[in-house]
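A.B. asks: Residue numbers (our numbering), protein chains in the order written: chain A, 1 to 456; chain B, 1 to 456.
One or more hints might be untrue.
Same chains, same names: a pair is fine if it fits in one copy or spans any two.
[To be verified] Only pairs whose alpha carbons sit at most 20 angstroms apart, straight line, appear in this in silico PhoX-like list of lysine-lysine: (1) LYS327 to LYS197; (2) LYS372 to LYS3; (3) LYS197 to LYS300; (4) LYS197 to LYS231.
I should point out that these hints are in silico values taken from the structure, not numbers from a laboratory.
Protein chains: 2
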Amino acid sequence: MNKILIFGAGKSTSYLIPYLLEKGAAHDLQLTIADINLENAQKACMDSERCQAVKLDIFAEEERGKAIASHDLVISMLPARLHINIARDCLKYEKHMVTASYVSAEMEALHEEAQEKGLLFLNEIGVDPGIDHMSAMQVIDQIRSKGGKMLLFESFTGGLVAPESDNNLWNYKFTWNPRNVVVAGQGGVAKFIQEGKYKYIPYNKLFRRTEFMEIEGYGWFEGYANRDSLKYRDAYGLQDALTLYRGTMRRVGYSRAWNMFVQLGMTDDSFTLEGSEDMTYREFVNAFLPYSPTDSIELKLRHYLKIDQDDIMWQKLVDLDLFSNTKTIGIMDATPAQALQKILEEKWTLDPEDKDMIVMYHKFGYEINGVKKQLDSHMVVIGKDQRYTAMSKTVGLPVGIATLQILKGNFKLTGVRIPIYKEIYDPVMKELKEYDIEFSEFEVPYLGYNPDNVAG
Amino acid sequence: MNKILIFGAGKSTSYLIPYLLEKGAAHDLQLTIADINLENAQKACMDSERCQAVKLDIFAEEERGKAIASHDLVISMLPARLHINIARDCLKYEKHMVTASYVSAEMEALHEEAQEKGLLFLNEIGVDPGIDHMSAMQVIDQIRSKGGKMLLFESFTGGLVAPESDNNLWNYKFTWNPRNVVVAGQGGVAKFIQEGKYKYIPYNKLFRRTEFMEIEGYGWFEGYANRDSLKYRDAYGLQDALTLYRGTMRRVGYSRAWNMFVQLGMTDDSFTLEGSEDMTYREFVNAFLPYSPTDSIELKLRHYLKIDQDDIMWQKLVDLDLFSNTKTIGIMDATPAQALQKILEEKWTLDPEDKDMIVMYHKFGYEINGVKKQLDSHMVVIGKDQRYTAMSKTVGLPVGIATLQILKGNFKLTGVRIPIYKEIYDPVMKELKEYDIEFSEFEVPYLGYNPDNVAG
């Protein structure tokens, strides 16, 4: 029997657990769902006899250790900062571990010991990070195996609202953690390489330096740069690539509008607003505008941000009730970012019948036999409803598929790893196709950024 | 005999030490100048028999203690972070202390003990902070003594180049620490109150929200907001004032031009540039611009910042040799702010014959007998040369004057203090007039920001 312990029965497990239960008979699986809330764990078990729910506090060391000791593999679907406690126990009791989170420095530090004990701690096997690594490395390795040399790699991912539920002017709703959306791009300059030149975008220009891309059947998207475009340069073996750019996808027009909040200072999370609790939305706006005894807040804002009266940007603000003098922030000592989140959540929360959408777009530029070529690939996954979301599906299924592969002994790798290896991405990407998670690839003319080698 | 120990013989002592030596005979003073560099200390003594120079490392605890123990009063002209070591010794050996620096939290913590021992640790008695406190409190206390109620207080200070030495398009040269100028406004939102409303300006708008003011005979200036406009609200007793604004003065047009650097990201001090050592100024600029195979860096920048071809902003950049492809940054692992400082220092360093200028401008709005009034006051001090600067004069003389007052027993205050008290500011401001450091005051119509009580 293969005994799997899953920490956390949150919304990102709505595909993972059914997947493992569906495979249960064929692979003789026994699942334990451990959650601080027993009821959640019980619900997640879906009355399966192959599943037991237990109430477990992640900080209860003894209980946690006992639970881990009695299983073969541990999946942590908890918030990333909690993984390390589990990882240390997994080392102690010699169990494999799987997470969908970024490898922290603490996790990375366990690499050698995990390797010595023959354990695989597989991280970053969700969607972003996860499917992005696997889908990119699959193409990059194919190009290399044919003798091609990588020149350019760009990669964009977005968690958006599905076209059929896309009914606001921003073409955006919150499908995951709203806070991350509000503070996106803060905490450091965006750094990347274009045609061998390092480029830096400060926060105040981040949302004005977007790139555009089209996905047939879904129209146009834009991407703004992530902070960390060079993060996987070594992992992907792209040290010689001339262009490396990683970004976040939005519908065209979102970034230009979001930039209004950035320019006003409304996304700042570093200080608290005086009197935020009783502050109306209108007063919130006015706190970022010069004082005037005579002019309206509306005109002050239009002038400050140079918004023409017929600019659609304006209606995007109006649609958020940003100028309401009755609605209040209602949060004590709120930062501007918290206040803005409150305002946005009122309008950008998914309706019960709304569906989300995950989009991913890669560009691979390479040279082969003296010819420069480009391959683009993209993936679109649309959720079923608010429980069976595209996000949950694209995070949970790679975790589940990789888990089974580990239990079957199909991965030879040990240590702390991310899924950039053929032995991992091949079986996972192959099985994901059965669930309609797949990439369309198509050759395009190599664009690069410098077709004629003109000095720039 | 009154024995004074001065730590530090740096450039800010060029007025302080001659002042004390000049007063030496009348007040039976004996000075000791302690510096890590003996030669500097010796030079500062100017061959006076009332002055001895000693080499002293501020971190040599025993020596430091001995030196302090054998004097009556200690002046620290060292960098602010070093004051605390001296202050603790002053407590131990029961000596008064004077500095021109902001009161740190560590210094503040000594207040009660200093008070118990009957010691005065007088800080912030330079120009800004220093003369700003004294000149403001003198007027505020006068208004109050007549029964007036403060409505508005605005205060601006600038360290600039004197009109006769003002010969670049920026109307600016470095007269003090260049680094502080380059990173000015970073590290937090600018917060102030206008007509009872809290206002917040993010960094990316800071240099676009300036106020203007004229000083007769010197023309127009502009001010951008300091981070801390509310810092002295309680100290000044201005809890009920409707408008509080503190700012930094520049010549008109400086801030709009400086904003170009902010928008590009060139003032960022949080990351290092790849290959900064061999990077040309031109490459530095290009690192903040989108890649183009065909367009010039010049046109990309004009387009990015929307600079018309006949806009004087453009010439301000050209005059800095910002587009040079021969000049290099020459600093390893430089942050953008460090690189920008290097570029600016080449053009903004004072020539040997150049003079600096300190300007200060206060606005006091108040209500008396039901009538709203406003008093503006300003001060202009121009340096003699690069040794006898306006900065050194306006920092050193208040320190020296206050020191004599303490030794004469004229201040009854004890504890850690700043010069907001009549017993301090009256004699100091009076004596400063003898050195042509004085304010012109004049009544203006009360402007406030809301003469007609129209909703804003």
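A.B. asks: Is the C-alpha distance from LYS197 to LYS231 at most 20 angstroms within one copy, between copies, in both cases, or in neither?
C.D. replies: within (16 angstroms within a copy, 44 angstroms between copies)
A.B. asks: With identical chains, the pair LYS197 and LYS300 could be close in the same copy or across copies; at 20 angstroms between alpha carbons, which is it: within, between, both, or neither?
C.D. replies: between (40 angstroms within a copy, 15 angstroms between copies)
A.B. asks: Up to 20 angstroms between alpha-carbons, please classify LYS327 paired with LYS197: within, between, both or neither.
C.D. replies: between (48 angstroms within a copy, 18 angstroms between copies)
A.B. asks: At most 20 angstroms between C-alpha atoms: does LYS372 with LYS3 qualify within a copy, between copies, both, or neither?
C.D. replies: Result: close neither inside a copy nor across copies, 50 angstroms intra and 81 angstroms inter.
Of the numbered hints stated above, the single one contradicted by the structure is hint 2.
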